[in-house]
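Kindly generate the complete structure, drawing on both the sequences and the hints.
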Amino acid sequence: MTTGGDGGPAARERTYRDTPVRRMLAFARNTWRGLTSMRVALILLFLLALAAFPGAVLPQRMVDDSAVSRYIDDYGWWGRLLDRLQFFDVYGSVWFSAIYLLLLVSLVGCLVPRSAEYVRSMRAKPVLTPRNLARMPHHRAGELRADPDSVIARAHDRLARWRRVERTEQDGARTISAERGYLRETGNLVFHFALLGLIIAFAVGHMYKYEGQVIVHADGSEFCNSGIYAFDTFNAGLNVDGTGLTPFCVRVNDFEADYLPNGQPDNYRADIEYQSGDDLRDGTWRPYDLQVNHPLRTEGDRVYLLGHGFAPEFTVTFPDGQQRTKATQWRPNDQVTLLSDGATKFDPPGVTDAAERRSSQIAITGLFAPTAHFNGKILTSSAPDLEDPAVAVDVMRGDLGIDSGYGQSIFEIDEKMVEQDRLERVARENLRVGEEIELDDGTRISFDGVQRWASLQVSHDPTQGWVLAFAIVMLVGLAASLIVKRRRLWIRVSPSGDGGAGSLVHVGGLARTDQAGYGEEFTRLAADLLEDTGGERDARNGSERNRS
Amino acid sequence: MPVNATLSQLSDWSYGSAAAIYLLAMILFLVEQAFGRKGREAAERAGAGRDGSAVAAAGGGEPPEGPASTTASTAATMAASAAESRRRGRAERFGSMGVAVMVLGMLLHLAALVFRGWSTGRAPWGNMYEFLMVLCFAAVVTWLVVISRHAVRHLSVFVLLPVVLLLFLGGTLLYSTAVPVQPALQSYWLVIHVSTVAAASGVFLVPGVASVLYLFHSAHQRDPARFASLVRRLPSKEQLDRVAYRVTVFAFPVFTFGVIAGAIWAESAWGRFWGWDPKETVAFITWVIYAAYLHARATAGWRGDRAAMINIAGFAVVVFNLFFINLVVAGLHSYAQVD
Numbered sequence: 001m002t003t004g005g006d007g008g009p010a011a012r013e014r015t016y017r018d019t020p021v022r023r024m025l026a027f028a029r030n031t032w033r034g035l036t037s038m039r040v041a042l043i044l045l046f047l048l049a050l051a052a053f054p055g056a057v058l059p060q061r062m063v064d065d066s067a068v069s070r071y072i073d074d075y076g077w078w079g080r081l082l083d084r085l086q087f088f089d090v091y092g093s094v095w096f097s098a099i100y101l102l103l104l105v106s107l108v109g110c111l112v113p114r115s116a117e118y119v120r121s122m123r124a125k126p127v128l129t130p131r132n133l134a135r136m137p138h139h140r141a142g143e144l145r146a147d148p149d150s151v152i153a154r155a156h157d158r159l160a161r162w163r164r165v166e167r168t169e170q171d172g173a174r175t176i177s178a179e180r181g182y183l184r185e186t187g188n189l190v191f192h193f194a195l196l197g198l199i200i201a202f203a204v205g206h207m208y209k210y211e212g213q214v215i216v217h218a219d220g221s222e223f224c225n226s227g228i229y230a231f232d233t234f235n236a237g238l239n240v241d242g243t244g245l246t247p248f249c250v251r252v253n254d255f256e257a258d259y260l261p262n263g264q265p266d267n268y269r270a271d272i273e274y275q276s277g278d279d280l281r282d283g284t285w286r287p288y289d290l291q292v293n294h295p296l297r298t299e300g301d302r303v304y305l306l307g308h309g310f311a312p313e314f315t316v317t318f319p320d321g322q323q324r325t326k327a328t329q330w331r332p333n334d335q336v337t338l339l340s341d342g343a344t345k346f347d348p349p350g351v352t353d354a355a356e357r358r359s360s361q362i363a364i365t366g367l368f369a370p371t372a373h374f375n376g377k378i379l380t381s382s383a384p385d386l387e388d389p390a391v392a393v394d395v396m397r398g399d400l401g402i403d404s405g406y407g408q409s410i411f412e413i414d415e416k417m418v419e420q421d422r423l424e425r426v427a428r429e430n431l432r433v434g435e436e437i438e439l440d441d442g443t444r445i446s447f448d449g450v451q452r453w454a455s456l457q458v459s460h461d462p463t464q465g466w467v468l469a470f471a472i473v474m475l476v477g478l479a480a481s482l483i484v485k486r487r488r489l490w491i492r493v494s495p496s497g498d499g500g501a502g503s504l505v506h507v508g509g510l511a512r513t514d515q516a517g518y519g520e521e522f523t524r525l526a527a528d529l530l531e532d533t534g535g536e537r538d539a540r541n542g543s544e545r546n547r548s
Numbered sequence: 001m002p003v004n005a006t007l008s009q010l011s012d013w014s015y016g017s018a019a020a021i022y023l024l025a026m027i028l029f030l031v032e033q034a035f036g037r038k039g040r041e042a043a044e045r046a047g048a049g050r051d052g053s054a055v056a057a058a059g060g061g062e063p064p065e066g067p068a069s070t071t072a073s074t075a076a077t078m079a080a081s082a083a084e085s086r087r088r089g090r091a092e093r094f095g096s097m098g099v100a101v102m103v104l105g106m107l108l109h110l111a112a113l114v115f116r117g118w119s120t121g122r123a124p125w126g127n128m129y130e131f132l133m134v135l136c137f138a139a140v141v142t143w144l145v146v147i148s149r150h151a152v153r154h155l156s157v158f159v160l161l162p163v164v165l166l167l168f169l170g171g172t173l174l175y176s177t178a179v180p181v182q183p184a185l186q187s188y189w190l191v192i193h194v195s196t197v198a199a200a201s202g203v204f205l206v207p208g209v210a211s212v213l214y215l216f217h218s219a220h221q222r223d224p225a226r227f228a229s230l231v232r233r234l235p236s237k238e239q240l241d242r243v244a245y246r247v248t249v250f251a252f253p254v255f256t257f258g259v260i261a262g263a264i265w266a267e268s269a270w271g272r273f274w275g276w277d278p279k280e281t282v283a284f285i286t287w288v289i290y291a292a293y294l295h296a297r298a299t300a301g302w303r304g305d306r307a308a309m310i311n312i313a314g315f316a317v318v319v320f321n322l323f324f325i326n327l328v329v330a331g332l333h334s335y336a337q338v339d
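Protein sequences appear in the order of chains A and B. Take the first sequence: its position 315, counting from 1, is numbered 315 in my numbering, and each next residue is one higher. Take the second sequence: its position 25, counting from 1, is numbered 25 in my numbering, and each next residue is one higher.
Hints are computed from structural coordinates only; laboratory data are not their basis. Just so it is clear, CB atoms sit at the ideal spot from N, CA and C, and this is done for glycine as well. Treat the hints with care, as some may be off.
Stated by the list, open to error - Counterexamples of contact, computed for chain A against chain B with all Cβ distances above 10 Å: (1) 295; (2) 429; (3) 471.
What the hints assert, rightly or not - Ranges of calculated distance between the beta carbons of each label pair, as one might list FRET restraints: (4) B/219 to A/149: 53 to 63 Å; (5) B/114 to A/78: 44 to 54 Å; (6) A/261 to B/173: 23 to 33 Å; (7) B/13 to A/385: 32 to 42 Å; (8) A/335 to B/306: 37 to 47 Å; (9) B/3 to A/385: 16 to 26 Å; (10) B/218 to A/118: 32 to 42 Å; (11) B/5 to A/247: 45 to 55 Å; (12) B/5 to A/78: 42 to 52 Å; (13) A/306 to B/3: 19 to 29 Å; (14) A/261 to B/219: 56 to 66 Å; (15) A/118 to B/13: 55 to 65 Å; (16) A/333 to B/218: 23 to 33 Å.
The structure is reproduced here in structure tokens:
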């Protein structure tokens with residue numbers, strides 16, 4: 001990166017002509033220089049780390065909305081203040097965006113001049129050989145019997161993989177300047193450009209991606225990715241309006257969960273069929289074994305198995321003999337034992353008068369345990385497997401509030417109706433499969449059995465392949481830029497001995513990156529370059545010095 | 001797959017023995033620290049040639065130019081080191097014993113990992129106890145590599161101290177019995193992602209320790225009265241800085257790879273490659289801080305103390321991620337399974 005501007009040129013200009021335009025230009029230039037300086041980039045990196053931090057310790061809307069509401073309720077004005085300052089939406093907040101946008105500008109402002117510099121340096125010849133090679137951090141000298149031409153020729157061979165240039169100095173000495181490790185800067189630039197690409201791909205992905213969750217009963221029920229209405233919850237990027245989702249359908253035939261003896265889940269699998277693309281027209285269903293780490297990938301979308309649960313099946317036999325059977329999904333409230341709660345709601349059949357209907361709606365609400373364990377009359381679940389299911393239910397009768405116009409949770413009854421005495425409890429009972437309750441008006445409610453449901457997620461992110469590609473390129477660039485060392489080597493050969501038949505050879509080396517480790521390579525190279533093909537003549541070969 | 005109780009028992013025994021043996025190595029290194037200052041200085045001078053550094057500095061002044069002076073100074077150095085080697089003898093021997101004992105501890109540590117994996121039939125890094133075990137193993141191996149290349153063996157006690165502390169915490173508070181992992185973790189990405197992240201975290205411990213010592217050195221330079229007895233035993237600041245940089249430069253790409261592998265796994269397990277889960281967020285922060293360290297070391301005015309502080313901050317965040325995020329904050333990475 002470039003180093004910070006010192007304002008020197010601007011100060012000089014002001015002495016002879018100080019116009020508002022020039023001042024503006026100077027200000028803009030200094031701002032740009034400041035922004036693209038390494039010091040500011042470093043500060044921005046710190047701010048980024050600091051700004052990301054609240055997202056790790058505070059609940060976030062995009063991760064868990066209900067946790068945010070709980071937090072605000074628990075902490076009062078402090079929670080509301082944090083909310084106003086966007087602390088529950090850190091990664092979409094003004095301040096977080098400001099930091100990473102400035103960092104992006106800084107990155108671009110650094111990459112552009114650095115790329116130009118890179119192109120120049122790739123064309124440039126290795127620098128002139130310093131006059132006194134003994135001052136280099138690595139240096140060796142020796143006197144060889146071979147003549148300068150052959151020494152130089154051998155050096156060219158030995159340095160075949162180095163970029164090098166040969167020069168002849170005024171006093172007749174011949175030199176080779178060699179440089180190696182350009183891959184370091186290449187890797188550095190590749191890394192930073194890939195980082196830029198990754199950030200852009202990530203941002204574009206956020207505009208076009210969507211994610212929807214849906215619960216599907218594992219009894220051959222189907223789900224089609226046809227619109228937002230098909231999902232229980234749906235999150236999408238700004239450019240997704242819910243039309244034009246990738247068309248495909250999924251049918252869940254069965255769900256299996258295996259548990260270890262200690263109750264720890266060992267494996268979940270949903271036996272599904274799907275159709276997409278041409279299959280939609282000719283009606284072909286393709287089977288797929290959906291598991292936790294094995295999403296279904298079709299037409300660029302992915303279908304995940306997120307979770308599962310139970311739907312107790314109840315039959316209500318009304319006094320007039322009409323029957324209604326329902327299996328509404330209940331939600332697990334304990335992920336270990338899968339003790340679930342929920343509410344299964346019934347409308348009286350054949351009642352057309354709204355007021356009458358509102359006085360005789362029925363809801364069966366309470367707890368469900370896949371493996372029942374009773375403490376007295378209190379139901380708990382001792383294991384998540386479906387061994388000995390039982391429910392502990394309250395039967396509520398009256399107005400469920402479904403007609404009130406307010407939406408209500410599928411898992412709960414509207415407690416306001418209970419508070420207003422419009423919905424009252426008419427029975428409380430523990431039931432095993434096959435058992436039933438009879439209400440005062442002769443209505444009978446039986447617990448028939450249990451169905452399983454699977455919770456599926458559909459995800460769509462058109463740029464995630466790009467993000468992965470950029471990430472891999474980044475890693476390669478990073479490795480190159482950290483492993484490869486940029487280093488220089490010079491050799492000066494001057495004629496010596498009787499009539500110039502021998503050569504006096506100096507070899508110097510300099511590692512341009514700050515870490516050492518060049519020493520060994522240099523020692524090896526210098527030994528090869530100073531190898532006297534005709535045998536050693538002088539002890540001067542021992543003059544060796546390595547300094548990192 | 002059922003758990004083999006005998007093997008898991010063997011793993012626990014190896015773990016305990018490894019920790020005890022590291023403690024023994026620490027004591028040996030402390031003996032070397034306490035009595036071997038002169039010996040250490042000599043070792044540093046002898047080891048410096050291997051390291052390709054500080055020879056000229058030790059010579060003090062102009063490097064020898066002619067062949068005669070070279071020979072003379074070599075002879076003088078040899079004579080001096082012969083005299084010193086007699087003096088350093090015992091402390092030196094304690095140091096080498098420390099290394100040997102540390103290697104033994106490392107082998108037992110490895111055995112603990114292997115038995116753990118064998119008993120559960122999976123990669124032995126499925127919960128926090130096992131993660132810490134891998135992390136400490138990586139730190140020990142890194143340190144053994146570092147002392148084979150740099151003359152810093154006498155600093156081993158400073159590295160072993162946090163390692164033994166972490167092993168103790170892992171073996172007591174965070175211990176969990178050997179069990180298979182839940183469905184979300186049953187993937188070959190467990191092998192790739194968790195091993196690289198745990199290893200990189202362990203490797204980061206070494207530059208963290210070197211940077212702390214570096215700051216002690218700086219504080220001593222500002223005020224010679226402070227930490228005098230400690231700093232007397234430390235190698236040069238350049239040496240500490242070089243160890244910190246070299247090791248960080250190795251660990252950073254490994255960590256980057258681990259995070260990318262985690263993103264790939266998250267894509268197939270949780271439905272998105274990045275979702276700002278607390279663990280992901282803190283991994284991102286760690287990555288940014290170490291990136292800042294690498295940049296700081298190339299920026300005038302930020303080398304030295306500031307770079308060292310950034311490196312320490314990086315490791316502090318690694319530790320925060322390990323303990324606070326696992327144990328306090330609820331997230332998708334809640335696999336700590338602390339009994």
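Each hint, compared with the structure:
1. 295: Contrary to the label, residue 295 of chain A does not stay out of reach of chain B, its closest Cβ about 6 Å off (not over 10 Å).
2. 429: With a cut-off of 10 Å, residue 429 of chain A remains clear of chain B, as the shortest Cβ separation is near 35 Å.
3. 471: Violated, since 5 Å does not exceed 10 Å.
4. B/219 to A/149: 53 to 63 Å: holds (59 Å)
5. B/114 to A/78: 44 to 54 Å: holds (50 Å)
6. A/261 to B/173: 23 to 33 Å: holds (27 Å)
7. B/13 to A/385: 32 to 42 Å: For residue 13 of chain B and residue 385 of chain A the Cβ distance comes to about 34 Å; the hint holds.
8. A/335 to B/306: 37 to 47 Å: holds (46 Å)
9. B/3 to A/385: 16 to 26 Å: Holds: the Cβ-Cβ distance is about 19 Å, inside 16 to 26 Å.
10. B/218 to A/118: 32 to 42 Å: Holds - the Cβ-Cβ distance for residue 218 of chain B and residue 118 of chain A, about 35 Å, lies within 32 to 42 Å.
11. B/5 to A/247: 45 to 55 Å: Once the Cβ atoms are compared, 53 Å apart, the range 45 to 55 Å for residue 247 of chain A and residue 5 of chain B holds.
12. B/5 to A/78: 42 to 52 Å: holds (50 Å)
13. A/306 to B/3: 19 to 29 Å: holds (28 Å)
14. A/261 to B/219: 56 to 66 Å: holds (57 Å)
15. A/118 to B/13: 55 to 65 Å: Given range 55 to 65 Å: holds, Cβ gap about 57 Å.
16. A/333 to B/218: 23 to 33 Å: Hint violated: Cβ distance 55 Å, outside 23 to 33 Å.
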